[in-house]
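Please construct the entire structure, taking both the sequences and the accompanying hints into account.
Protein sequence lines, in the order shown, are assigned to chains A and B. Taken in order, the first sequence gives residues 3 to 359; the numbers are from this note's numbering. Taken in order, the second sequence gives residues 3 to 359; the numbers are from this note's numbering.
Honestly, the hints are just simulated from the structure, not real lab data. What you are looking at is a predicted structure, and each value in this text was computed from that prediction instead of being measured. Be careful, since some hints might not be right.
Identical chains share a label here; the pair holds if one copy fits it or two copies do between them.
For lysine-lysine, the following BS3-like pairs were computed, each having C-alpha atoms within a straight-line distance of at most 30 Å [said to hold, decoys possible]: (1) Lys258 / Lys33; (2) Lys274 / Lys306; (3) Lys33 / Lys135; (4) Lys57 / Lys314.
Number of protein chains: 2
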Amino acid sequence: MPSGKISMEHGAGGEQMQSLIGDVILRNLTKTSAGKVGLSDLDDGASITVDKSNKFFEKFNISDKIELVMTTDSHVIHPIFFPGGDIGKVSVCGAINDLSVMGARPIALSSAMILPEGFSISDLEKIVQSMNKILEEVDVPIITGDTKTIEGSALDSIIINVSAIGICDEPVCDSGLLPGDKIIFSGFIADHGISILTKREGFDFSSDLESDVAPLWNMIEPILSVKTKDGKKAVTAMKDPTRGGVADSLNEMAQKSNIGIKIYEKLIPIRKSVATSCEIFGLDPLEIANEGKAVIGVRPEYAKQVLEILKKHPYGKDAAIVGEVSNEHPKKVILESEIGSTRYVNVPTGDPIPRVC
Amino acid sequence: MPSGKISMEHGAGGEQMQSLIGDVILRNLTKTSAGKVGLSDLDDGASITVDKSNKFFEKFNISDKIELVMTTDSHVIHPIFFPGGDIGKVSVCGAINDLSVMGARPIALSSAMILPEGFSISDLEKIVQSMNKILEEVDVPIITGDTKTIEGSALDSIIINVSAIGICDEPVCDSGLLPGDKIIFSGFIADHGISILTKREGFDFSSDLESDVAPLWNMIEPILSVKTKDGKKAVTAMKDPTRGGVADSLNEMAQKSNIGIKIYEKLIPIRKSVATSCEIFGLDPLEIANEGKAVIGVRPEYAKQVLEILKKHPYGKDAAIVGEVSNEHPKKVILESEIGSTRYVNVPTGDPIPRVC
Numbered sequence: 003m004p005s006g007k008i009s010m011e012h013g014a015g016g017e018q019m020q021s022l023i024g025d026v027i028l029r030n031l032t033k034t035s036a037g038k039v040g041l042s043d044l045d046d047g048a049s050i051t052v053d054k055s056n057k058f059f060e061k062f063n064i065s066d067k068i069e070l071v072m073t074t075d076s077h078v079i080h081p082i083f084f085p086g087g088d089i090g091k092v093s094v095c096g097a098i099n100d101l102s103v104m105g106a107r108p109i110a111l112s113s114a115m116i117l118p119e120g121f122s123i124s125d126l127e128k129i130v131q132s133m134n135k136i137l138e139e140v141d142v143p144i145i146t147g148d149t150k151t152i153e154g155s156a157l158d159s160i161i162i163n164v165s166a167i168g169i170c171d172e173p174v175c176d177s178g179l180l181p182g183d184k185i186i187f188s189g190f191i192a193d194h195g196i197s198i199l200t201k202r203e204g205f206d207f208s209s210d211l212e213s214d215v216a217p218l219w220n221m222i223e224p225i226l227s228v229k230t231k232d233g234k235k236a237v238t239a240m241k242d243p244t245r246g247g248v249a250d251s252l253n254e255m256a257q258k259s260n261i262g263i264k265i266y267e268k269l270i271p272i273r274k275s276v277a278t279s280c281e282i283f284g285l286d287p288l289e290i291a292n293e294g295k296a297v298i299g300v301r302p303e304y305a306k307q308v309l310e311i312l313k314k315h316p317y318g319k320d321a322a323i324v325g326e327v328s329n330e331h332p333k334k335v336i337l338e339s340e341i342g343s344t345r346y347v348n349v350p351t352g353d354p355i356p357r358v359c
Numbered sequence: 003m004p005s006g007k008i009s010m011e012h013g014a015g016g017e018q019m020q021s022l023i024g025d026v027i028l029r030n031l032t033k034t035s036a037g038k039v040g041l042s043d044l045d046d047g048a049s050i051t052v053d054k055s056n057k058f059f060e061k062f063n064i065s066d067k068i069e070l071v072m073t074t075d076s077h078v079i080h081p082i083f084f085p086g087g088d089i090g091k092v093s094v095c096g097a098i099n100d101l102s103v104m105g106a107r108p109i110a111l112s113s114a115m116i117l118p119e120g121f122s123i124s125d126l127e128k129i130v131q132s133m134n135k136i137l138e139e140v141d142v143p144i145i146t147g148d149t150k151t152i153e154g155s156a157l158d159s160i161i162i163n164v165s166a167i168g169i170c171d172e173p174v175c176d177s178g179l180l181p182g183d184k185i186i187f188s189g190f191i192a193d194h195g196i197s198i199l200t201k202r203e204g205f206d207f208s209s210d211l212e213s214d215v216a217p218l219w220n221m222i223e224p225i226l227s228v229k230t231k232d233g234k235k236a237v238t239a240m241k242d243p244t245r246g247g248v249a250d251s252l253n254e255m256a257q258k259s260n261i262g263i264k265i266y267e268k269l270i271p272i273r274k275s276v277a278t279s280c281e282i283f284g285l286d287p288l289e290i291a292n293e294g295k296a297v298i299g300v301r302p303e304y305a306k307q308v309l310e311i312l313k314k315h316p317y318g319k320d321a322a323i324v325g326e327v328s329n330e331h332p333k334k335v336i337l338e339s340e341i342g343s344t345r346y347v348n349v350p351t352g353d354p355i356p357r358v359c
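Here it is in structure tokens:
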């Protein structure tokens, strides 16, 4: 039986979290799947096959291919209000984005809140209003909830869990990359983590910087309709690069797809203020959390078409093709710098900025 | 805009919680429904209608009546291990029971954990193993999850959210009671709250008392097949009497069904040790949390048949008919004492034992 204590790195979205999940959680669970994507796939969510191959649907008469997608995330952000958003916006966007990168239309959300004694009720109302704006934008309801209170000495701030259900005909998986695919970032990276950090530390040199937190369904839906000649989706894989940043997402995609990814520094969309902040703090922007971005793999002949569609949406206007997929260096991610040198992009081992999501 | 601070009573499952949910949460949400039961119904879960009446399913070809049911609960139990169970068992049973009392077969669960720095990894493993036992018993998987860590100074113990999806043809609602219905308690009341309290306070006069925490689907499934002559379910309403106990559940059922409920003290199944503990602590056992019980309304001519089915299952062996429904005193619950006097059973205003679920 594993021993030891939980450290902050266990929740950092990198290697230590993977080992905790594998050794302590997955190893002790015998029932982990109800469809094409299960718990052990460690994707942004998991799926439930709705047809007679699923014993729970045996007695129902369904002639179409339907896959439900389910996702869950608990949020412990500090501070709860920050430039560009708040914990309510992040929690609803997080659920919507997890479904979106799996190609699933969000159909219903749940919200479970834990409130410490003494928490401001008007702050709670602001948070709920902020959640509602996103529900309106994506046209999806919160249909069920839970509210718990806890002594103020036991918890320092509000915690929100949002779980969600979506629907698709076939989920998009992070393991779907194929050699030749182009890699797209849907916009500027690292805005969320850096805006939280500068707010938390009280710096104002990036005072115009805001979190990118945004719900991506309306941006992603149209690119799912781009089909190859044999009727498959041109988009082969997607990922929501929150904790661990694009570095973690790209490595997961490379490992699960058993291919190599090469990205080019000069093509990566990053704000000057974010790049400067990263230099000052000694942070790698590839490892910093985003809350309104997608990493997208797409068949090469459709990459420009997908890029153009993304760019038409406000959340995708700064999208860029940043690299490509090959059979070289399988399971590895390589970054070519502006001067042409290359290095591996490693899986983050710790969390450069804790409590960002 | 509401002002003030959150107090422990806001999470107690009684009147103050209802007002917080109504004034701060529901009032600020415009999208709250995707099926027959929505957020504003404040039932044990909510439902999603899977047919062409739901725009999200418009393009799919589904000829049967299917209703998905979704539920969510976050758990902040102290202590996390107690006689008869632990926080892992409660979190999985809680989700399964919320679906079960809505008449829905659990098909998939999610689990989101927040771990304070320094939390014992072997305790975490015990918790996961305990969750797995229940998954095995009910034959339902955990398909997706989330793990966050937080500084030990910010949170005193593990928090687990479990959300779940179930399926039925028509949900059972807590608003379905009809005049004439019999009310059944599926077993001894108040075991969970009292076992947590005695463990927490270090008393040992109830050393053989254990929490009733158990997954109820296998007990409830067969009673859903009992049908009236016109093909309806004989079970008209069900509720999971956790926080606020049976007092809160009965009041909700009476208010939402717009009928009156009368229960008889002499018929209520309660352990002697629990009754004694309640006397010592000055607690009303009707207000104490249960984690493996159902309050069931059933058409009178089928009450004995339903009771016999319940009694065949280990979790229902102490089930009893405890009262009946009428048009008298609508929206109120009346208790007739052993000596024949009557009193209203009020909605609990506070939480006699916090952090039990």
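Status of the hints after comparison with the structure:
1. Taking identical chains as interchangeable, the C-alpha atoms of Lys258 and Lys33 lie at most 30 Å apart only when both belong to the same chain, with a minimum of 21 Å there against 37 Å between chains.
2. Taking the shortest alpha-carbon separations for Lys274 and Lys306, only the intra-copy value of 25 Å comes in at or below 30 Å, while the best inter-copy value is 74 Å.
3. Only between protomers do Lys33 and Lys135 lie at most 30 Å apart by alpha-carbon distance; the minimum there is 10 Å, versus 37 Å within a single protomer.
4. For the identical chains of this complex, Lys57 and Lys314 are inter-copy neighbours only, at 25 Å across copies versus 43 Å inside a copy, given an alpha-carbon limit of 30 Å.
When held up to the earlier numbered hints, the structure conflicts with none and fits them all.
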